[in-house]
Every structure is written in structure tokens, then in C-alpha cells.
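> Here are the chains, one letter per residue:
Protein chains: 2
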Amino acid sequence: MASLSRADHEAGAVSPRLPADHPGVNKLFAVLAYGEIAAFYRLAEEAKMAPDLRGRISMASMAAAEMGHYELLRDALEGRGVDVVPAMAEFASALDNYHRLTTPSTWLEALVKTYVGDALAADFYLEIADGLPDEVADVVRAALAETEHSQFVVAEVRAAVTRSSKQRSRLALWSRRLLGEAITQAQYVLAEHDELVDLVVSGTDGLAQLTGFFDRVQRTHDKRMRELGLI
Amino acid sequence: MASLSRADHEAGAVSPRLPADHPGVNKLFAVLAYGEIAAFYRLAEEAKMAPDLRGRISMASMAAAEMGHYELLRDALEGRGVDVVPAMAEFASALDNYHRLTTPSTWLEALVKTYVGDALAADFYLEIADGLPDEVADVVRAALAETEHSQFVVAEVRAAVTRSSKQRSRLALWSRRLLGEAITQAQYVLAEHDELVDLVVSGTDGLAQLTGFFDRVQRTHDKRMRELGLI
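If you read the protein sequences in the order shown, they are chains A and B.
Take 1 as the starting number for the first sequence in UniProt numbering and just add one per residue.
Take 1 as the starting number for the second sequence in UniProt numbering and just add one per residue.
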């Protein structure tokens with residue numbers, strides 16, 4: 001399937017949509033689902049750095065929203081006859097590594113990670129969803145639907161970096177590190193799952209454009225940094 | 001207001017319902033709301049003891065359900081013109097103490113605490129809700145609506161105590177300790193909040209029956225222990 005769609009792309013054919021039963025779709029839902037669980041526990045853990053009850057409540061609300069998204073993906077996987085827990089387990093190490101390597105050391109770092117990390121995940125997955133049949137793409141989009149919760153992050157980070165240029169430089173570096181680790185782990189995942197490469201290739205108009213895919217992720221990352229007042 | 005309803009009870013009058021704008025209602029919603037936040041973080045923390053991903057997912061789902069209940073209570077408080085975060089803060093120490101004094105040391109203790117703790121909270125609050133106007137009682141009942149999640153606890157605990165009578169004795173003791181700490185903290189909260197005493201008195205047909213209230217909590221606790229195979 002992969003070689004076929006690549007050949008089509010190279011021949012300049014109109015981007016073919018992969019069928020909904022492509023095995024990469026189960027992998028995509030599974031990595032997304034594990035991502036929600038990992039994000040849940042990361043938010044609950046990082047909330048310990050919150051300076052007050054209000055911050056802890058915001059983190060808990062975001063964590064609960066991740067579980068809502070998890071449930072969508074779990075239902076979609078079950079509907080496809082997939083045993084959810086083992087399917088997710090193969091993505092645990094890459095996602096756990098990302099979180100381990102980007103453990104924030106301050107509340108502001110935790111906030112930036114929440115905002116930038118969620119946005120990066122959305123960038124990756126929505127690009128892929130564009131090459132998939134609607135019934136699959138709709139699940140991905142619903143699971144990534146932005147919640148209003150992360151808006152409190154923008155206000156708090158902007159206020160902090162407006163007050164302190166040292167804080168701004170520090171958080172800008174942190175934000176670039178998040179991007180770097182996310183791309184590294186995404187590449188590990190792709191290297192180990194050919195079925196997912198098929199999906200990325202289909203969504204990004206051919207393997208030759210895979211570099212373009214990561215460039216676009218970089219550009220939208222810069223947009224997020226501007227929103228946070230970091231550049 | 002308190003003395004009036006007590007006098008009515010003592011005179012054997014039909015149990016008067018407290019008005020929906022009784023100040024105790026705001027306190028009741030606030031203590032319930034903080035309880036959801038505390039439960040969220042306790043579940044996320046105790047999930048670390050889970051032996052596998054399945055257990056961690058179950059705990060995360062239960063934690064997310066607590067936040068759904070929190071949002072109901074927050075909306076109800078906001079609808080009553082209450083500033084939610086400061087209103088909750090005055091109940092933080094009693095609830096945090098309960099969790100600190102009942103930190104489980106094993107996964108089975110964590111499961112029993114989840115099940116028994118949720119049930120105890122429901123026993124307390126539903127008794128109180130019975131004496132309140134429907135519009136108030138409905139919020140309390142919705143916030144305490146049982147989720148199906150805790151059923152996985154029953155199966156896992158029963159299996160463990162069927163295999164090991166030592167485990168059964170250990171968890172039975174643990175369960176009694178949970179009851180004791182819950183009653184102790186509930187009494188602290190009541191001692192500091194006369195408005196809440198009004199509500200308990202109204203729900204339990206008079207102050208003289210307050211002992212009966214705690215007896216009933218004890219009896220339903222025994223029922224839960226039987227469900228778990230602990231007696």
C-alpha cells in the first residue's frame with residue numbers, strides 16, 4: 001500500500017485517500033489514545049507546581065478533557081475490533097520519553113509545555129488527517145478539538161514575559177526544546193511503524209515532502225511562540 | 001434559622017425544608033466542589049500504584065468523572081453569585097487532612113479507598129440532600145451520581161481477598177480506618193460551620209438524631225464492606 005501511494009504521488013497523480021481500513025489508522029488512533037493518557041498524568045503531575053488552587057483546577061480541567069478525547073478514540077478503536085490497551089502499549093515508550101525529557105522545572109515551563117505540546121500534537125495529527133477518509137479524519141479532529149482551557153495559559157505566560165525579558169529568553173529556549181524533542185520522538189515512532197509512514201505520506205503529498213511536513217510544523221510552532229509573547 | 005428549625009423538630013412538627021437560599025447551601029456546594037478537586041488529585045496520585053496500564057486508565061477515567069461533577073457544582077455556585085475558589089478554600093484543610101491521613105500503601109488499599117471513600121461521601125451528602133429543596137437536592141444528587149467506573153474495583157478486590165484471608169483482614173482494618181477518619185473530618189467541618197449543621201439537622205430530623213445519622217453511615221459502610229468481600 002505504501003509503495004503504491006508513493007508511486008502515485010511521484011507520478012503527480014491527485015493525492016489518493018487511503019482506505020479507512022488501512023492498518024495505519026488503528027496505529028494512528030492508538031498513538032493518539034496513549035497520548036491522551038500520558039497527557040492526563042503529565043498535567044496532574046505538573047499541577048503540583050501551580051502557585052494556587054485556581055491553577056490546580058485549570059490543570060485538572062484540562063486533564064479531564066484529555067480523558068474525554070481518550071474515550072472517543074477508545075470507542076473508535078473498539079468499533080474497529082481493536083483491543084485498546086495492548087494497541088496503545090507499543091507507543092508508551094516514545095510518549096513517556098517525550099514527557100520524561102521535557103519535565104518542566106517551573107510553573108511557567110509547565111504552562112508553556114501544555115500550550116505548545118498540545119498545539120504540536122494537533123499540528124502533526126491534523127496534517128495526517130487531511131489525507132484520510134472523512135470517517136477517520138473526523139475522529140482525529142474530534143480528539144484534537146481545542147478546549148477553551150488553554151487560553152488561561154496565554155494570559156499567564158504573556159504577563160510573565162512582559163514583566164521579565166530574562167523569563168522570555170528562558171521560556172523561548174524551553175519552547176524550542178519542546179519542539180526538538182517532539183520531532184525526535186515523532187521520528188522514532190515513524191521509523192518503527194511503516195503503517196504510520198503511509199498515513200503521513202498520504203497526508204503530506206508524498207515522501208519527498210516529508211521535510212516540508214516538519215518545516216510546516218516549525219512554522220506553526222513559531223506562530224504559537226508569538227502568541228505567547230516569546231518571539 | 002437554625003434555632004427555629006430545631007424548635008420545630010423538637011415540637012414534633014413535620015420536617016420543614018430549609019429555603020434554597022439558606023447560607024448552608026453555598027457551604028455544602030463548596031465542600032462538595034473541593035471534595036471533587038481533592039479526589040481528582042488523589043486518584044491521579046494513587047494511580048501510580050497501578051500494576052498496569054489498564055489500572056491507570058481506570059483511575060484516570062474516575063478522576064475525569066470527578067471533574068465533571070466539579071463543573072456541575074461550580075456552575076451551581078456561580079449561578080448563586082458565589083466566588084467559587086475562595087468559597088472552596090475554607091474546606092481544603094479538612095479534606096486534605098483526610099487524604100493525607102489515609103494515604104494507601106498498596107494498590108488494593110488505593111482501590112478500597114476509592115470505593116469506600118466515594119460511597120461514604122455519597123452517604124453523608126445524600127442524607128443531607130433529603131432535607132433540602134428539590135432544586136438544591138438535584139445538584140447534590142447529580143454531583144454524586146455513581147459512575148460505572150468503580151465496579152472494576154469490586155471485582156479486583158473480591159478476587160484478591162478470596163485468594164488471601166490475610167489480605168482480607170488487612171483490607172477490613174483499612175476500611176474501618178477510612179470510616180473513622182471520614183467521620184472525624186466530617187465532625188471538624190461541622191464544628192466550624194454552623195450553616196452546615198443546620199442542613200444536617202434538617203436532613204436528619206433534628207439534632208437529637210445526629211448520632212443516628214452517623215449510625216446509619218456506619219451501617220451502609222458495613223454493606224459496602226460486604227460487597228467487597230471484607231466481612
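Wrong hints could be hidden among the right ones.
[Claimed, not checked] Chain B regions said to be covered by chain A (calculated; three or more residues, Cβ under 8 Å):
{"hint": "1", "stretch": "38-45"}
{"hint": "2", "stretch": "55-62"}
{"hint": "3", "stretch": "82-89"}
Read the hints as simulated data drawn from the structure, not as lab findings.
All C-beta atoms in this analysis are idealised placements derived from N, C-alpha and C, irrespective of residue type, glycine included.
> Establish whether the coverage given for the stretch 55-62 of chain B by chain A is satisfied; the threshold is a Cβ-Cβ distance below 8 Å, and no fewer than three residues must meet it.
Our answer is that it holds, as 4 residues pass the Cβ test (under 8 Å) against chain A, meeting three.
> Counting residues of the stretch 82-89 of chain B that have a beta-carbon nearer than 8 Å to any beta-carbon of chain A, does the count reach 3?
holds (count 3)
> According to a criterion of three or more residues whose C-beta lies within less than 8 Å of a C-beta of chain A, is the stretch 38-45 of chain B covered?
That given contact holds, which follows from 4 residues of the stretch 38-45 of chain B lying within Cβ reach (below 8 Å) of chain A.
Checked against the numbered hints above, the structure breaks none of them.
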